[in-house]
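Please model the complete structure; the sequences and the hints are all you need to start from.
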Amino acid sequence: MHPASPKPRPARPLALSSLLVCLCLAVAAPIAQADDLSDAQKLVRQKQLPQALAKIDAYLAVKPKDAQGRFTRGVILTEMGRSADAITVFQRLTEDYPELPEPYNNLAVLYAQQKQYEKARTALEMAIRTNPSYSVAHENLADVYAKLASQAYGKALQLESSNPGTPSQLAMLRDLNGATAKPAAAAPAQPAQPAQAPAASSITQPVVAGRSASGPVRVAAGEVASPPPVAEKPAAKAPLAEPAKTESVKTEATRTESAKAGDKAAEKKEDKAADKSGKVEADIERALRNWAAAWSRKDVRAYLASYAPDFQTPRGVSRKAWEAERTQRIDKPGKIEVMVEDVRISLNGDKATVRFRQSYKSATMKSSTGKTLVFVRSGGAWLIQQERVG
Amino acid sequence: MQRSGRHLPRLPFLALALSGALALSTLTATASAQTAGDAGPEAQLKQVFSDIEASRLDSALQKTEALLRQYPNFRLAHLIKGDLLLARGKPIRTFGAAENAPEDRIADLRAEAIARLRAYDDKPSPNAVPRYLLQMPADQRHAIVVDTQKSRLYLYQNDTRDGRPRFVADYYVTHGKLGAEKLREGDKKTPIGVYRITASLPAKKLGDLYGNGAYPLDYPNEWDRRQGRGGHGIWLHGTPSNTYSRPPRASDGCVVLANADLSELSKNLQIGVTPVIISNSVEWLSLDDWQAERSALNRKIEEWRADWESRDLQRFLRHYSKHFEAGGQKFEQFARQKRQVIADKEWIKVKLSNQSVFRNPGKEEFVVVSFDQDYRSNTTSNQMRKRQYWIREDGTWKIIYEGSA
Numbered sequence: 001m002h003p004a005s006p007k008p009r010p011a012r013p014l015a016l017s018s019l020l021v022c023l024c025l026a027v028a029a030p031i032a033q034a035d036d037l038s039d040a041q042k043l044v045r046q047k048q049l050p051q052a053l054a055k056i057d058a059y060l061a062v063k064p065k066d067a068q069g070r071f072t073r074g075v076i077l078t079e080m081g082r083s084a085d086a087i088t089v090f091q092r093l094t095e096d097y098p099e100l101p102e103p104y105n106n107l108a109v110l111y112a113q114q115k116q117y118e119k120a121r122t123a124l125e126m127a128i129r130t131n132p133s134y135s136v137a138h139e140n141l142a143d144v145y146a147k148l149a150s151q152a153y154g155k156a157l158q159l160e161s162s163n164p165g166t167p168s169q170l171a172m173l174r175d176l177n178g179a180t181a182k183p184a185a186a187a188p189a190q191p192a193q194p195a196q197a198p199a200a201s202s203i204t205q206p207v208v209a210g211r212s213a214s215g216p217v218r219v220a221a222g223e224v225a226s227p228p229p230v231a232e233k234p235a236a237k238a239p240l241a242e243p244a245k246t247e248s249v250k251t252e253a254t255r256t257e258s259a260k261a262g263d264k265a266a267e268k269k270e271d272k273a274a275d276k277s278g279k280v281e282a283d284i285e286r287a288l289r290n291w292a293a294a295w296s297r298k299d300v301r302a303y304l305a306s307y308a309p310d311f312q313t314p315r316g317v318s319r320k321a322w323e324a325e326r327t328q329r330i331d332k333p334g335k336i337e338v339m340v341e342d343v344r345i346s347l348n349g350d351k352a353t354v355r356f357r358q359s360y361k362s363a364t365m366k367s368s369t370g371k372t373l374v375f376v377r378s379g380g381a382w383l384i385q386q387e388r389v390g
Numbered sequence: 001m002q003r004s005g006r007h008l009p010r011l012p013f014l015a016l017a018l019s020g021a022l023a024l025s026t027l028t029a030t031a032s033a034q035t036a037g038d039a040g041p042e043a044q045l046k047q048v049f050s051d052i053e054a055s056r057l058d059s060a061l062q063k064t065e066a067l068l069r070q071y072p073n074f075r076l077a078h079l080i081k082g083d084l085l086l087a088r089g090k091p092i093r094t095f096g097a098a099e100n101a102p103e104d105r106i107a108d109l110r111a112e113a114i115a116r117l118r119a120y121d122d123k124p125s126p127n128a129v130p131r132y133l134l135q136m137p138a139d140q141r142h143a144i145v146v147d148t149q150k151s152r153l154y155l156y157q158n159d160t161r162d163g164r165p166r167f168v169a170d171y172y173v174t175h176g177k178l179g180a181e182k183l184r185e186g187d188k189k190t191p192i193g194v195y196r197i198t199a200s201l202p203a204k205k206l207g208d209l210y211g212n213g214a215y216p217l218d219y220p221n222e223w224d225r226r227q228g229r230g231g232h233g234i235w236l237h238g239t240p241s242n243t244y245s246r247p248p249r250a251s252d253g254c255v256v257l258a259n260a261d262l263s264e265l266s267k268n269l270q271i272g273v274t275p276v277i278i279s280n281s282v283e284w285l286s287l288d289d290w291q292a293e294r295s296a297l298n299r300k301i302e303e304w305r306a307d308w309e310s311r312d313l314q315r316f317l318r319h320y321s322k323h324f325e326a327g328g329q330k331f332e333q334f335a336r337q338k339r340q341v342i343a344d345k346e347w348i349k350v351k352l353s354n355q356s357v358f359r360n361p362g363k364e365e366f367v368v369v370s371f372d373q374d375y376r377s378n379t380t381s382n383q384m385r386k387r388q389y390w391i392r393e394d395g396t397w398k399i400i401y402e403g404s405a
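Sequences listed follow chains A and B, in order.
To convert, note that position 302 of the first sequence is 302 in the working numbering; the numbers rise steadily by one, no gaps.
To convert, note that position 63 of the second sequence is 63 in the working numbering; the numbers rise steadily by one, no gaps.
These are calculated hints, taken from the structure and not from any lab test.
Accuracy of the hints is not assured; some may be wrong.
Cross-link-like lysine-lysine pairs, in silico, DSS-like; alpha carbons within 30 Å at most [said to hold, decoys possible]:
| hint | chain 1 | residue 1 | chain 2 | residue 2 |
| --- | --- | --- | --- | --- |
| 1 | A | Lys119 | B | Lys46 |
| 2 | A | Lys115 | B | Lys90 |
| 3 | A | Lys119 | A | Lys47 |
| 4 | B | Lys363 | B | Lys386 |
| 5 | A | Lys119 | B | Lys90 |
| 6 | A | Lys279 | A | Lys351 |
Remember, predicted model here, so these are calculated numbers, not experimental data.
As structure tokens, then:
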């Protein structure tokens, strides 16, 4: 999962997650709204809770069903100590999106804070049922089991201190994204400290051809494979929210190089066919990196040129409207840095599905999110036909 | 729910911890385990432990929780639940793995678990009867036999067709903190002997300690007093509201049942009638042996009655022990008085009815005989309920005490 809360927790570095990995569900909406959401998330981190609540309410006024927005609202209410309201929010999310484990997890956290461990347990078991490899829920559940055991012992043995005074401090998720790890990933908790990162990175990646860098700092969210769980159509980027340690961004380049060296060494051993396919994948990866580089340079023309003529715009808006929105977005003042990591390419003829982790940094925002681009071969070039988060 | 593989290696620890602690391997289910009277949580408890031994911990937990829905204050089940939950997070190596658990309370609950499981596995055979219930009068519907070592109370019905006691139900019971064989006031022991229920005290008049009711026994009985045993206030009673049951040894000498069990039992109790025979360890007789012992005693009592009617003093007095003592009379005074009385009589008729014969449990070999005695002679007649203690002496049964019951 995610880094620890600001509060020091000796027992386990879980507590309240501070890493906001965003599904970016709102990005297709008018930018002002997307800003409301990201602003709200930012304000939470700055502990400006009433302001955060106002922002998220404004956002939800326009998009009342939006899962990410509602989830964020639940987090804000939790932070404000309005547990009953937060419970209502997460409860309704579990009803509207029963396939999402995160609302169950947070519901459990709130119940546990109220020492309602049986309810917490039920919620966590639901979270795990929806997502068996959801490690946060597993760890939280272990905590809840321990609390329940303690209660049971208290009743069995009539212990005075049967109910440990401190309510459970389970890991509260800040964001919807990030729980739905693949089984192989077994959802390693995002280490709180970069120093702990290597331990969490020992998991082998599933099906990777032409991988570039498998960074040691893994964000659990990076493994997201399931489609965005929300009815809202996924759309363009506009990454919101904080996240990704600067360290990971800084080390990105180095790791890419070493990974490339590794690839070269590997290539030598491959037979010709593999060598050939490796070459195609290298082309695709180059296209991906060019796209990110253009974005980083704020080179709108090169950026837009990365997209195929039949690019599926979010919500089916016109190509023109989409280009206008992207131009405005990219052209904003201030530096933009876009990095790609954990690139996994699955090639199918002239089509390639590329999953990767996108780190985005601008003057006002940092984010790290899983993303999928579908490239199609167009002449000698690979162009983006679809773009979605997750 | 889904179980992650990392828990798997831990399962044997728990199974070992629990079953090892309870020495379940020494307990084998007998064919009689399916007999009637499966009241109480034993059957479910048994399944929980079977699940644990088979490493079916999820199933065990579900069953434990079902048990707790039925018996919310069942501390033993809470302890098992705690162990099962704890085992999901870390290996546990002992029954009652709670941190800083008071050892005595864990030991109490372990003893309760053993008592309940053993009782479940060792249901009385339908072909054996407690040795103590040799004969019951027609108007006595039930009898109670308690086994303190097994923490078990057995309810028997008086089958008036053949006089045989029929097993009805058995219940877990608590007895004295310091065991059985009560000798004196405050020794926190439960008396061993043949007693009767003398009254019914409603819960309203009692403290919470006594649960939903109490039934005082007639301890000390004639034999206890003769032995100089002291103390009083030995009751059958219920359980305080904060727990389903108490440890096997926890009372000040009373026999304590779960409230639900006491309610069930109370339907079968007759004040002043129902015998409560408390033993260290119930002795069981085959039906043949039981019938032989019963016949021998009834024959002996009939001889005594006939010899009384014969007005032959020597024949009559041969039934009395040299240690006879009753109503302040020793054997010599008693014999002198009988000689005078019988000398007056031209005829004597003695009819006995509603006879009961209960063998006393334990080391002292005697039986308690009660009957309605209808005595008539040419000078007097009287009816009384009489009680006699017949003791084994010189290879035969002799009366060592008699008096009105």
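Straight-line alpha-carbon gap A:Lys119 to A:Lys47, limit 30 Å: Status holds; Cα separation ~28 Å.
Pairwise hint evaluation, B:Lys90 against A:Lys119, where the allowed Cα distance is 30 Å at most: holds, 22 Å
30 Å limit on alpha-carbon distance, applied to hinted pair A:Lys115 and B:Lys90: OK: A:Lys115 and B:Lys90 at ~21 Å, within 30 Å.
30 Å limit on alpha-carbon distance, applied to hinted pair A:Lys119 and B:Lys46: holds, 28 Å
Pair hint outcome, A:Lys279 versus A:Lys351 [Cα-Cα no greater than 30 Å]: holds, 15 Å
Pairwise hint evaluation, B:Lys386 against B:Lys363, where the allowed Cα distance is 30 Å at most: holds, 25 Å
In summary, the structure agrees with every hint in the numbered list given earlier.
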